[in-house]
Amino acid sequence: INIMLLQRFFHETYQVKKLKVDLLRPIRLLFEAIKEGVVSRLALALLVSRLAWSLFFSFSGAYAVITYHFSPLLIMVYMALIGVGFALGSGLTGPFEKHCLPLYTLVLTSLLSALGYALFVLIHSVWVVWLLVIPVTALMTVFYNIILALFSHAVDDTRQGWVMGVTMSLTA
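Numbering (our numbering), first residue to last: 1 to 172.
Keep in mind the hints are simulated off the structure, nothing from the lab.
Just so we're clear, the structure is a prediction, and the values are computed from it rather than from any experiment.
Only true hints are included.
If you anchor each label on the Cβ, the simulated ranges turn out as follows:
| no. | residue 1 | residue 2 | range |
| --- | --- | --- | --- |
| 1 | Pro135 | Val65 | 17 to 25 Å |
| 2 | Ala52 | Ile27 | 16 to 24 Å |
| 3 | Leu23 | Asn2 | 37 to 45 Å |
Ideal Cβ positions, reconstructed from N, Cα and C, are used throughout, including at glycine.
Please take these sequences and the hints and turn them into a complete structure.
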């Protein structure tokens, strides 16, 4: 019944346009961001945090397999715990944003994440892997959410798309 109603009453409004692919656009966005003062400092902080998270994410699973002989099942559980950390961090973002200054939150979550990364490597215990995965992931999630809000607040309403493009080009 739904398909018949759609065919009868729905008229497509989407206009097919020729899509221009510009592979250099992310690079141009970064150069524009460098000229923006506050946005450039936020961009640097985001870039460093994304590199740190990428290295941790790529390294931690392989490290657990090599050092602690994690099976595919344990890696699956480990990845699921990363998802729990993302969910927890998303839930903690509101309280952090409400009760802490954004810059303080960025510094705190960065330092605690760095400490977690260091402990992960320096303390040779499988328990450290299991105990740190959720907090480190949650901290990086809070950092990411807060810095996105700061990016948004750094520009006016007309440049929101541009600034989110900058963040996505850094994330990519």
